[in-house]
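Could you slot chain B onto chain L? The hints should help.
Keeping their order, the protein sequence lines are chains L and B.
In terms of this note's numbering, the first sequence is residues 1 to 112.
In terms of this note's numbering, the second sequence is residues 1 to 114.
It should be emphasised that the hints constitute simulated quantities derived from the structure, not laboratory data.
One or more of the hints may lead you astray.
[What the hints assert, rightly or not] Residues from chain L that keep clear of chain B, each with C-beta distances beyond 10 Å, as calculated:
1. A10
2. N32
3. K68
4. N98
[To be verified] Pairs of lysine-lysine residues, derived as DSS-like cross-links and limited to a Cα-Cα distance of at most 27 Å, are as follows:
5. B:K70 - B:K11
6. B:K11 - L:K68
7. L:K1 - B:K11
8. B:K57 - L:K1
9. B:K70 - L:K1
10. B:K102 - L:K68
11. L:K42 - B:K102
[As the list claims (entries may be wrong)] Here are a few chain B residues that sit away from chain L, every Cβ distance over 10 Å (derived from the structure):
12. K11
13. T17
14. V52
15. K70
16. T71
17. E72
Each residue gets a CB set at the ideal place from its N, CA and C atoms; glycine is no exception.
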Amino acid sequence: KQEVTQIPAALSVPEGENLVLNCSFTDSAIYNLQWFRQDPGKGLTSLLLIQSSQREQTSGRLNASLDKSSGRSTLYIAASQPGDSATYLCAAKNNAGNMLTFGGGTRLMVKP
Amino acid sequence: DAGITQSPRHKVTETGTPVTLRCHQTENHRYMYWYRQDPGHGLRLIHYSYGVKDTDKGEVSDGYSVSRSKTEDFLLTLESATSSQTSVYFCAISGSSGDNEKLFFGSGTQLSVL
Numbered sequence: 001k002q003e004v005t006q007i008p009a010a011l012s013v014p015e016g017e018n019l020v021l022n023c024s025f026t027d028s029a030i031y032n033l034q035w036f037r038q039d040p041g042k043g044l045t046s047l048l049l050i051q052s053s054q055r056e057q058t059s060g061r062l063n064a065s066l067d068k069s070s071g072r073s074t075l076y077i078a079a080s081q082p083g084d085s086a087t088y089l090c091a092a093k094n095n096a097g098n099m100l101t102f103g104g105g106t107r108l109m110v111k112p
Numbered sequence: 001d002a003g004i005t006q007s008p009r010h011k012v013t014e015t016g017t018p019v020t021l022r023c024h025q026t027e028n029h030r031y032m033y034w035y036r037q038d039p040g041h042g043l044r045l046i047h048y049s050y051g052v053k054d055t056d057k058g059e060v061s062d063g064y065s066v067s068r069s070k071t072e073d074f075l076l077t078l079e080s081a082t083s084s085q086t087s088v089y090f091c092a093i094s095g096s097s098g099d100n101e102k103l104f105f106g107s108g109t110q111l112s113v114l
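Here chain L stands alone, though its shape is the one from the complex (with noise of 0.2 Å):
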């Protein structure tokens, strides 16, 4: 069973600081992973769609990575702002069948 974790559970940094979100999954046999940004009381909003045969991904200040090999993605953020606070979670969908795993996320603020 595919088990997807985030750490840390939270994060404070300063604005314009650039960081790094992990996410790490068990199972290395993944069809795709996503991550996903969700601010309170909101839905989910998709960010980044990796499929399993490419490296990362880019979305203006936004680039995620996967290494299957070592079962990790990374999502770095550049430049962060206070408008980036928010929840970061990622999930992976294995190739077998539909469903995707979520991490718990990791909740995120950019102070002023």
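Chain B in isolation, oriented as in the chain L frame:
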């Protein structure tokens, strides 16, 4: 934003009553999902659909049933609500390939079972 709406947004009900939550999409996506989100448990899949009248169970399907009679609508029914089903329920949709495989979520339904 993807065209996905959930109704109702909030619901308070009593133990033992039936409850139906509705998810409606305008994206013509093949896959539709129901998740629940609880503190300490994260997001967990209840049921999903891979086409009209085609559904399958997720990891926490006990006490829930679903139906999809049209591409655009996916209903989640709690046959006899229990307090343990108090949660935030999210519907999500996705397509079949490439970037369409991204999951798009609705705004959620806050359900309280008293």
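Hints, one by one, checked against the model:
| no. | hint | in the structure |
| --- | --- | --- |
| 1 | A10 | holds, 14 Å |
| 2 | N32 | violated, 6 Å |
| 3 | K68 | holds, 17 Å |
| 4 | N98 | violated, 6 Å |
| 5 | B:K70 - B:K11 | holds, 24 Å |
| 6 | B:K11 - L:K68 | violated, 41 Å |
| 7 | L:K1 - B:K11 | violated, 33 Å |
| 8 | B:K57 - L:K1 | holds, 15 Å |
| 9 | B:K70 - L:K1 | violated, 32 Å |
| 10 | B:K102 - L:K68 | holds, 19 Å |
| 11 | L:K42 - B:K102 | holds, 18 Å |
| 12 | K11 | holds, 16 Å |
| 13 | T17 | holds, 25 Å |
| 14 | V52 | holds, 16 Å |
| 15 | K70 | holds, 20 Å |
| 16 | T71 | holds, 16 Å |
| 17 | E72 | holds, 18 Å |
In this structure, the hints that do not hold are numbers 2, 4, 6, 7, 9, in rising order.
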